[in-house]
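Please put together the full structure from these sequences, using the hints given.
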Amino acid sequence: MIRSRFWRHPASLLLGPVVWSLWFVVLYAMLSLSCLQGWLVNGGDHPAAINLLLAVAGLLVTLLLLISAWSAWRTPSETGFMPRTSAMVSACSAVASLLLVVPGLIMAPCL
Amino acid sequence: MSQAPSAEQQARNDRFERVWGNLPGWGTLSAVNHTTVGLRFLITGLIFFLVGGLLAMLIRTQLALPEQEIIGADLYNQLFTMHGTVMMFLFAIPVLEGAAMYLIPKMIGARDLVFPRLSALGYFCYLFGGLIILSSLFLQIAPDSGWFMYTPLSSREFSPGMGSDFWLLGITFVEISAISAGVELAVSILRSRAPGMSLQRMPLFSWYILAMALMIIFGFPPLILGSVLLELERAAGWVFFAVEGGGDPLLWQHLFWLFGHPEVYIIFLPAAGIVSTLIPVFAGRPIIGYRWVVLAIIMMGFVSFGLWVHHMFTVGIPQMAQAFFSVASMLVAIPTAIQIFVWLATLWAGKVRFHLPMLWIMGFLIVFVCGGLTGVMLALVPFNWQVHDTHFVVAHMHYVLVGGMLFPLVAGLYYWLPHVSGRMPSDSMGRWGFWLFFIGFNMTFLLMHLTGLLGMPRRVYTYEAGLGWGWLNLLSSVGGFVMAIGVATVILDIVLHFRFGRKASPNPWQADTLEWAIPMPVNAYNFASIPEIRSRHPLWDQPELMRSIPAGEHGLSQIEDGRRDTIGSDAVTGEAREVMHLPTNSWEPLITAAVLAGLCLSLLLKTYLLAILFAVLALVACLRWSWVNGLHPRIAPRDRTGDLPLHSRTTDGPGRWGMIVTLMADGTLFASLLFGWLYLWPVAPDWQMPEQSPLSVWGLLGSGLVLAGALGLWWRQVQGAVSVGGLLLVTVVGLAHCVALVLTAIEAGLGPGDSAHDSILAVVLAYLIFHSGLTTLLTGLQALRVRQGYTSQALPYELRVLHPLWGYTVVVYWISIVVFLALPAAFGGGA
Amino acid sequence: MLGLLGTIMLLVFAVWFIALRRAPAKTESGARRAARWWIIGGGLVLPMTAIVLILGFGIPLGQRMLPLPVSDGEPLRINVTARQWQWQVNYPDSGIRLTDEVHIPANTPVDLHLTSDDVVHSFWVPRLGGKLDMIPGHTNVLRLQADQPGTYRGQCAEFCGTGHAHMKFRVQVHDQTAFQRWQQEVRE
Ligand SMILES: [Cu+2]
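From first to last, the protein sequence lines stand for chains A, B and C.
For the first sequence, the UniProt record's numbering begins at 1 and goes up steadily by one.
For the second sequence, the UniProt record's numbering begins at 1 and goes up steadily by one.
For the third sequence, the UniProt record's numbering begins at 1 and goes up steadily by one.
The set of hints was computed from the structure by calculation and includes no laboratory data.
Some hints could be false.
[What the hints assert, rightly or not] Just so you have them, the derived chain A footprint on chain B, three or more residues with Cβ under 8 Å:
(1) 284 to 297
(2) 302 to 309
(3) 323 to 334
[Unchecked claim] Derived pair list, reagent style EDC-like, types lysine to aspartate or glutamate, alpha-carbon separation capped at 16 Å:
(4) C:Lys168 x C:Glu101
(5) C:Lys168 x C:Asp100
(6) B:Lys503 x B:Asp427
(7) C:Lys168 x B:Glu67
(8) B:Lys606 x B:Glu67
(9) B:Lys351 x C:Glu28
(10) C:Lys168 x B:Glu464
No experiment lies behind these values; they were computed from the predicted model shown.
Backbone N, C-alpha and C define an ideal beta-carbon position, used for all residues, glycine too.
Here is the structure:
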């Protein structure tokens, strides 16, 4: 019940993008700090542990957003406007998170 | 429908006009009405546009031929700096704010914005700030380090003159108007819609403006912080951006672009809102994919904050980090494409009528799509390295900004002209203006792409002959003048139409939105009665509104107590919740803005005693403004007999919403400060973290506990038992906290002139002291007001407004202790 | 890339033009179905495909411009310090110092270590590669490799004050033997 009330509230429109933004900040901060401090980067000129870590975390965020999109889509409501729109926004955020994983797969972290 | 109102209707309209109209003569300066203020914003903005355009003409004259010396390097640098500054800060943003201020209440069925005096204050801050900045040009001491003001070029050592100070202080002053417009528009859209207009029934324009308002709230504070820090570095010799002492010039670039990129979308969103409003009207059918557009707006609002580094691809950030920003920059293409195809689908399904505004929409489409595609190219890092800071970027940027903002703006201008004047624009002259502008624009900037690819950098006042750039520049300059003739034609057309345009019939474009139910030319009160909305397209689905609204057949059709009022509604469902009393004409905005202008000027002239005096006066002016509220005899509401309560009798009124939105901006400022600290600490080459913090741990913790105690006492007041004594006790405890905090700050003996570490701590302490002091002061005033009977247990409205501020003050205090005291202690000095 | 983006642009314009001229949709449900295809196809699939294509092409290209380790030996190191408004060039291996000109061998990777003494400048030789900012307190490394001997124009690409437009330099690319000879001459 709490779940469906949430998805009918307009605040749910912001859930996906907020998660995406936080993930973006964490991604950038983690990468920069690792390179500055030399954590998990193994010299930094080849893909290293940090790449794997970021990719896995990115996939988790994507999964989380997809689950919330699914949950929103199935919420019944009178007009369907809020839950459906929230679901679409969450799904878009999931795609955005997924695309952010791509460069991390092939590039050297600190060059 | 009949045009001639009945005698009874005429009498009512006269009554409304008396209550809502501006004062005659000089009294018009006290106007707070959103129609008046919005139009003032628009006209002032257009004048600044002409100034900016004139500067551009001078630039193009200088660049027309190689090795010209008409304008020397120094003047040229002032010109291009001022061109960018004027167009961005004094034209694009204020004009769109003005358009939004004018349109939003009319579209959502309200009689005014919810904080009318705030809009007037915003206008005067904009006007005075703009004049201050412009005056520097006439004194030939204009800022000359680019509109981006990169340090160290803009710092005292390399720009010893007053130019940078004009920019930093003037722009910060102008930004008061942006933030106040942001707060005002967000709260108005959420809380003052006509009954029944739920979120999903809002016109799309309102969604766009809501997004713009919130983006202003989150986008401008980083620049405000950056400007304040840079001015402190210039005027007081503190260290934030200088390498010696532990600053970093890149911090400025981050703060600037954290603002600068969202700003492009702050400009684009309202313009796209105009497109989304006009296209369904001229296609004669509802937009297809309303929900997709909402989705695109939300995604754009967020993603645009993740792009700022793409202005900094050449500063030496690791490749992989750049790739993230590169991906984010390209992601913006998705919501943009969604909007473009929603518009397309709507035109596809509808029957298009091709009037003058549609011509400008087509111009928008062509120019903006080109600009968007070059934008995708620029987001690609290796390509960016090649063309960054060349004329290619100049061309791209003008395609996006002129295409994405000016074309829709002119389309909207033509579309809403009849609303203001009651007359239709001329078709033939308008077409001439369009084609001259369109051809001139493409001649100037299409060729400039090539100039850039051939390697001509930006911001050079001249170039050698024989590099193959000459003919391109000459044609660009010619195109620039063609464009100028186009602008002149459009302006002439608009001016003439006020005199010669033929009378417009009601709802001349057969639009669906409520603003066209207002009799033309526009009146001061918008709606003689506020209807119940049952559809997303009120004028298409409830056509009787055209008659019944002016006839006074809906809500609030009687003036009570000779006061301005409108309906306050639920933020989500749009159900009517209260009657909002709105302030009438007032001199307070003008006085406050004048005092702030005095503050700005005295800071510019470095007369700090005078500045302190003006700061105190500004505080007094604001407090006096806030004093006349609640049950104050000059504004005291009488009890209403109707079924809706007055907003001042509720606990969740617009004031509280305004406070919360303002605190979001404030919180962003604070977050930017945290970012500065967490950025400089690991990155700045000469950063020095002392072994032990100069701040006394016990002093800060003790002061913080006293603050928490004050919050507890305050909480008990808000929960119900409001009393003069109780509030005074909160004030005294708050005061004790302030004293302890000030003493701790003094005892720390910070040397902000020597190290960035101490400079940032000093700024944080000043921030905390300001907030604690302000909260305490306002609580003390509440005690006085309770004694006067202006607030009371039965009328806790103002306490509820203050409540979020208390929470905020305590939270930032404790976050500061964690970040500035505990973190360095945990991770040690020397990092 | 240009071709791809150009085609997209022309297609969008053409479809818009048709949409303007076209008779209105006959039924509302038909209009909605067509719209869904337009929005999903043009608003989602089109930009996403374009993004993936451009990234797939761009990221490897970017990799090649990086100062990656060279398989045989070390790249030639040159330090360049900018100040208003000149370029101080310094070869740490041979101790050669120059102003406003850089000499490099052809077909050899060169690492330019860039920094600034005063304001932000940017090192750019349009025909040899991308630009990189020179920021006080930071050192950025730019990898260049010239294929052809000759003279190349270089200039400051970040606005740096009054003399910005005239802050130029020259890159002289020699073939391997000529470069050795040049080094000898200068040292004497
Ligand atoms: Cu330079």
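Worksheet entry | Structure-inconsistent hints, enumerated in ascending order | 8
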